[in-house]
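> Join these two chains into a complex; the hints should help.
So the protein lines, in turn, are chains V and F. Its first residue numbered 1, the first sequence is counted upward by one per residue in the working numbering. Its first residue numbered 514, the second sequence is counted upward by one per residue in the working numbering.
Rather than coming from a laboratory, the hints here were simulated on the basis of the structure. Take the hints with a grain of salt, since some may be wrong.
Taking beta-carbon pairs under 8 Å as the criterion, some of the chain F residues facing chain V (in silico) [as the list claims (entries may be wrong)]:
(1) 705
(2) 1158
(3) 1188
The following label-pair restraints were derived from C-beta to C-beta distances [unchecked claim]:
(4) F:1111 / V:36: 32 to 40 Å
(5) V:7 / F:760: 31 to 39 Å
(6) F:913 / V:160: 37 to 45 Å
Using N, Cα and C, we set each Cβ at its ideal position, and we do this for glycine too.
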Amino acid sequence: MSGPQPRPITILIAALGGEGGGVLTDWIVAAASQLGFPVQSTSIPGVAQRTGATTYYIELVPAPARELSGRPVLALAPGVADVDIVLASELMEAGRAVAGGFVTPDRTLMIASTARSYLVVEKMAMSDGRYDSARLIAAIRQQAQAHVLIDMAALAKTSGAMVNAVMLGTLAGCGRLPIPAAAFEAAIRADGKAVESNLAGFRAGLAAAQQGGAGSAHAVGDGRDRVEPRSPSEFEREIATMPVPARDVVRIGVRRLVAYQDAAYARLYLHRLTSIRAADEHCGAGGRLLRETARHLAVRMSYEDVIRVAQVKIDPVRRARIAAELGVSPGEPFTVTEFLKPGLEEMCSLLPPALATRILAAGTRRGLTDRLHWGMQLNSASVSGFLRLRALAALRRWRPKSYRFREEQRAIEGWLALIVEAARISAELALEVAECARLIKGYGDTLKRGTANYALIEARIIRPVLARRISLPSGVDAIASARTAALADPEGEALTRCLAELEQHSALPVAAE
Amino acid sequence: MERSFKKEVQALKLGAGETFRGEGILAVTKALLQSGVSYVGGYQGAPVSHLLDVLVDAEEIIGDLGVHLETCTNEASAAAMLGASINYPLRGAVTWKSIVGTNVAADALSNLASPGVLGGVLIILGEDYGEGASVIQERSYAYAMKSSMWLLDPRPDLPTIVRMVEEGFELSEASHAPVMMELRIRACHVTGEFEAKANRRADFSGNNRIAGPPRFEYGRLAHPPVIFSQERLKLAERLPAARRFIRERKLNEMIASDLRDVGIIVLGGLVNGVLRALARLELADLYGASRIPIYVLNAAYPLVPEEVRAFCAGKRAVLVVEEGSPDYVEQAVNVELRRADLQTRVLGKGALPHAGEYTSEALLQGLAAFLRETRPSGIDTEGIAARADAMLARKSPALAVVGDIPARPPNFCTGCPERPVFSAIKLMQRELGPTHISADIGCHSFATFAPFSLGNSILGYGMSLASAAAVGPAMDRRPIAVMGDGGFWHNGLVTGVASSLFNKGDGVLIIMQNGYASATGQQYLPSSAANRTGAPTGMTIEQTLRSLGVKWLRTVRSYSVAKMSRTLKQAMRSDERGLKVIIADGECQLARQRRVRVEEATKLERGERVVRVRFGVDDEICSGDHSCIRLSGCPSLTLKPNPDPLRTDPVATVIESCVGCGLCGEVAHAAVLCPSFYRAEIIRNPTRWDRTLHRARQTIIGWFGGRGAEAPA
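Only chain F is shown next, with the shape it has when bound in the complex (with noise of 0.2 Å):
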């Protein structure tokens, strides 16, 4: 894994009283074995990918507490884990990136919601929203409502959080619904601390198994008749029973304070954004105490609609504030007041953006809008409004000063070895033409950005073969389709290849292979060369394939461009109809480089021969036209000012961070571009021989060399 946790994972061995420091999504992994969990997993995703992470490093000790942990390979297989708790009181817990990975786990998850749960379930969902998301802008509010699961949406501060947790099983178990925890980005790795209890050994788990045979119920199956009871029973039962549960136990606040005639509601995860704002107006301190009510909740579906009325009940106005659309919360509120006949005023979106993250920005906005629109009594309402827009009147001198910054998106590693597969496309498109490339989800996405922008559609991890099957029928040209493996194994296999076999479909296909699920931080895949635990997968993508029926299969070196676009321009010429696939082989570097640099430290304090590869480029023969680059977008093929005085366009260079993949040598190669790429090669710990050829080399050359043919100036 990119991440060793092995430090984190002591914490999680914490006992009753002592301090838990560090990042949020590691206190909700040490908050589950608080809770007695008998069973974990999830798929990987930022933000979430170090929950699953930790519990991989942390096997041992979940494994003394009985916990069976499931790195699953999609997450709807993660979501029918859940499964385990619907006849069984088993408390479980799994994790992944929202909302893209609550659409794949949808189907299941409908089919636990409606028989319901006897154990504890506890869904840790990585709210992707805002700077830093990778996927489409969507909330997970929506499935909450559908299915009748609850959605947690804790304050971002480690003691709601853990507490969120733990009560978020009991309120699982006590309205016998599964629960959802949203924490945004941020949230994941805000960093604090907590007073932790000791790890609780569930009731059955692999220590205590449960005795006796398991019991037939029909009533626990998703499968018509009870379907239609199980219907009832969300709304008749279990949804008064969790609101009875949210209010007993208080999970959402009521920050009181000295104004009465206007309130803001805000959901837990946008709390301390909105304190902030009102700290910077001076209307709430550094304690989170506030001059303006504020109801918080941590529990943001189902609402409790006694707090909702008794928190409105005699303000003129109040402000909700929930991040994305649609106005979930707002609409709750409206209706509930319509019910109760209860007149406050509501605002939401319109004083705040109906898209996009709430930055300190969008509230300081949205609560001088609320303000000046509803003056509430005792403050100086144009005052305080008035010190918001100065606040933020500073932005707009910066932005004319600086300019406009050109975006700096992520990019393919140092010698990833991905980016020669897109300099090979490249290649091959300049004599076949454009063709339509269906893309997909993982690092090879970032080819969709300069200096390759290749890529026609994103549809979803794995789905690019599929999402390219009407279109090839359309075209002249076969469209490519470019896979990860994780995206192979996540569901590229049966939505991608068996589909397109199945409909005798005519494409590419091109699979990375690069031995891990690498955009989420390097965990394993069933092709690895080894599972989490170090044994052998016995799993390839190539005998995946073939015993699929796939007949036009080749495996090339991802590095060897000349030779890829040549298998490519076969690919797209072959009078063979069917899916014909490339596999793209070559490890990830950020996990070739973690083991090599440490086996070639330790060779090199033994005094072993290591031999160190590196690229360069002469300056003077470098003509500044920087094709190279276009083919490439190395991050350590840059520029550097141009030596030669006569000339002005700075000139390609290569720094350090190189890993001497060879990238740069074989585009030149393969595109005829200058010749001005060397590879150099020092030999550290020489042996005798590698003196003795050396020093005659330097003696015969320098025969000649000495007076060589001089350089240009």
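The following block holds chain V by itself, in its conformation from the complex (with noise of 0.2 Å):
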């Protein structure tokens, strides 16, 4: 074994499939060997190519292969501990390389992209099933040397180009490689396809590195609800004298039932906060309990129906929002095709509740009520499509004699009693029951589950808790768990196991009474 020798480099790449995490490890190896240094690159693309989870490694020998006295061994894969650098194109695969043990404090600089790609199974949950961004950004932060967090995706949008040439350019920028930006730059050409872009994400991901990932900006919002936003004046008095931590949550609830149906509508809002706001103050939840109901009950009093639909597809600033997200020029023209397929149910809402009940009757007995719906598809941006759209959100002034508005209202006052039936016992449990209306959302099957699951929580939680078969702590965290079950299967499996468990566990004190 001879004497000193220079330590390879060691790179590990984690990227998407579809990335272009192949090419940029090809621009790596090809500036290095451009400069005479040793340098070896492998992958595990296989069917992960498929936008699975997929690594690059590269090797590479700080030294030009002629001042060396042989042939170097490089390695193929990874060791624990043993990565000078990772580079992740997304903040979850990050987080991937670090529970490998590939990121350790005594060497490795992680260059990481801030942006999240989701996995199916975080997108597919019923309520909110991303993993904490929180929690990967401060692993990287305790477990790298060195770290540099940008949102590459964001980058690569502004820059247009693909994110794997801001990756490369991030990793010029971190300065830790004996290649300079100007041989990168070589590379890209020398690889001579969609040079101009790449070369621009390059620009841009170099820069962002040199300012230590500075320009983490985040996605671009719509430019809709920055702006605090103003209710008629006329409410304006009634909302100041409400305690402060509700009244933005108030003046939105106000404004948004002003638009979905008038002002009178908005009234009944406000009068049915009073008497929330009395129990809010009895049970000291100090504002918190007024907050989260009239958070839940804007949105349940704005309850999704064909009307509001039509509303939502023939407003301007949409239209406006739509042509911006497509990068519609001035003049440029475009359609929207609209898919509405309102069933027997969607429409019978609509109707005076004696008949609405008679038709739904029949429905149920006939076995339609699932099975008759009416497809359309209509283009919003034409004149036909418009007015048919316009015609239906016309209605809203028929809403309040409508069949659904009748059963929505009576659904809310029962919600809102037991609210301050809760509040006389604790807020917690006030709170815990205000939160459930959260199960309540969405159109058709959605919605009877959803409406179906609360029925299930009231009748055998909360009930028992308040008629004090069920003692209060465990009564609390039973509708929590209960809830979280309620939104974790649409089979509801995960709601029956539940709820079969609290049954058992509650026995004994029912025994006991």
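In structure tokens form, the structure reads like this:
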């Protein structure tokens, strides 16, 4: 064994299939060998190239081959605590490298994108299944010797490049490699594909990395709800009297309901909140109960129906937003086709209660309720399409006389009553009851499922707790866990299991009474 | 094909003394041409798909050399092609993914190995083992042993790989046996350089045909009675000849060093990992010199007894490093030592894991265990082992802070024509209840992952229908077999369809007709629109099925979810017994996009009218329930924070990568989801009429829309 020798620089690239990690690797290898550094790369694409997690591994000897006394033997796989640079195109893949033991405080520079490409399991959750990005970032901060965190997706978008070019730029900008930016640019040029956009992406990444990741521009917002919404002055006085924590929510609620129905409806909203406000003071929730209830109440009172959908679809603001998202240049023609498929129930929800109940009863008898649908695809950018939607939206005035409206108000009153009753026992309980409203959302099956789950939780937990058949602390937990279970799977298996377990536990106190 | 190798192909023309730079698998291709092959072929599959893809792109180059190229319909036909070398002095090479490909080829291989070969035969195996593998984890080694074929496992380093290809042909000819060369995933993709030689014309090929009629030699048949003498030949002549060749040509390497009392016996393909682990423990250097002697087996089978004995003699203990089980090499070494009555202790499995890839972690652990156990004199064993422990100890705290990161399995690409079919199956199952789904190999096997989680068994490529044969009779509902057009032509046609018809089976078969072997990189198939030369293949799945006698046959555009689930329901409910086949027709979107993007770009440049379609979601209408995602899983359909300050659940959104395949709309419609999806069509380079119409609409809508009902906050 001969004397002192340079240690290979080890680079692990974590990317998703289809992001061009292979090309990125080739650029790095080309640049290194141009300068005469011994370099070796390998990868494990396989089927992972189909949007799965994939890695590329590079080893580079930071001394020209001619100055070495032999041919280096380089490894084909990264080693735990043996990686100098981890370059990740996505935050969770960066986290995966950390979990693999490839990011260690003694040597690893972590260059990672803060952008998330959600896993299917995160996306398919019925509420919010997203992995905690903060935890990933904290882990990187704690494990890496140094780190550069940049929203590479945003940079790629703004520079019109693929993310791999941005990644190359960040690598060049981190200054850990004996390779000048010019050499990387040369590699991009030599490659000869999409040279201009790749160079743009490269430079964006380079600049961002040189500023140590200052360029963490996050996904560009669509310009809505950034300004504190004003509500008609006639309501302002009353809102001003509310506990501070609740005001902004109530203000948004009022504005929403005026738009959804009319001022009278907004007044009803405020009126309903008075009892909650009292309850809040009584149980000493410090405005939290009022705030949360006000939030859910506004959503529930502006329930989704055909009319509201039509309102949204013909909103000029929406049209402008779509144009912006598509990058439509002024005067450039574009059409927007809407997919509507109201069913028997949606239709009946607009009719007067007496008529609706009869039709629905008949429908259920004949088993039509789930099968009868009117599918329509209409172009809201065409005159006829627009007018049809507008006609639907105009039904807004009729809404208060409709069947669905009556049913919703009834359900809302019941829920509010429960909250008030719960508040007599404890603020926590009342808050849990209020929070259950989030189960009720959407259209068709989603709405049915949510409403049914809410009913289950009310009957099997909330009522028993109010009747003191379940002890308060376990009751509060039970409601929370049942709510989570209700959102675990569409088939409702988790909820069934949860309720069964609960009844086993609460069996004892019941017997004791 | 997914990737064009037109650039890389130029490297195949390199002459003597020039430097080849590129991937391992391309180096193999160059080495084949330097060895004067007469014919090449194989069946695509990671990690060796590129080998065939390159040959296809290089067809005119290898054509000049008179090399015959065959893109075989499966590994069995590739292996059978090697029969050309039994009677004639033709060098031939084929490639496929192992273990699965070798399994398919096994019959032909046995019948090739028994008579033996005159011309050199080399089989390049993509050993799909460890991280990134997509098949069951088994070793190809067993095939070498049972059929008396030789197995090369070169150092993952281009000069060695190239040398092994060249010497492999000579080994095959010197011992009249087929030779296999296994390359693991990372070795196939490793980059490096080697000094090229000029390509060699084969003695006999398309350019220079064999003169005279073929000789009749009974001894070259795999048929009684000669099979008995062939068995003896294998052991009495070919095996010794092979060992002689391996020893004389020094295919295996001995890394001598200062420590004498212990040693490491390692398969060539794993030596870089071992050397790096040793280097981290300061027992090896950058150039592969080691303080512990290493015996590198570039020839994994057969072992050379003289070499094994010479290496082990005088050593207290050796560590055998071979991935996977059974521990064939460890066993063989033990036997040799017994025969030689050497007392050297043999460690292997136990110090190293019995199963799984030998990652740097596994090797560090194994070496530490070996050193602790054997305490070689002249080094601070404890200190070194402790250093290894310290390195490995870094992992657990990292795991603790980052938590359990969920896996990110591969998924259908954006716009994939196969995804809608599984949406349809889900919708059908909602009505008819769950059905047994026998899955297959191909992109469609991604349906076994979320959000579909569909599939009860995978029995191999093109085996789905056959693997449902005994399920149907035992169940109330008909089983559904899913098969790709790749699997259909690989062997599903005979193993599945013919067998089912012949046995009057009653089930449903869905064939994904996307026009290519897509998972492996869109190679052409018998039913592709054109073959590799661009000429129409003249074969269609529909004709084939009809001619076999399939009565119940429907072809449905795969994106029509509603129609597909209707057709599925018919197939499931129909009183008519017998096989019911649904061809789900839709071109692989990767291939389509590659074509369409170029077409549209040129159109745009020429100022011609182009309509760009993209889907979107109205976040105010989206309820944040994500049932659309549970029915699709499209990469372009994802989440964003809820812009509504009153709601917390993230809403669905469609990102730029959307190719406008229309699935979200179809699903929202067929499953009666929320009305939040819309399809936007932008007209680039609009005609005068487009503009006028647009302006007119704008104005009229403006009259009403200007003060149209406001939207909720």
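> Taking the hints in turn, state whether each one holds.
Hints and how they fare:
About 6 Å separates the beta-carbon of residue 705 of chain F from the nearest beta-carbon of chain V, less than 8 Å, and the hint is met. Using the Cβ-Cβ criterion of 8 Å, the hint placing residue 1158 of chain F at the interface with chain V is satisfied: the shortest such distance is roughly 5 Å. For the restraint placing residue 1188 of chain F at the interface with chain V, the shortest Cβ-Cβ distance is roughly 5 Å, inside the 8 Å limit, so the hint holds. Distance hint check for residue 1111 of chain F and residue 36 of chain V: the Cβ-Cβ separation is about 37 Å, which falls inside the suggested range of 32 to 40 Å.
With their beta carbons about 37 Å apart, residue 7 of chain V and residue 760 of chain F fall inside the hinted range of 31 to 39 Å. Distance hint check: the CB atoms of residue 913 of chain F and residue 160 of chain V are about 41 Å apart, consistent with the given range 37 to 45 Å.
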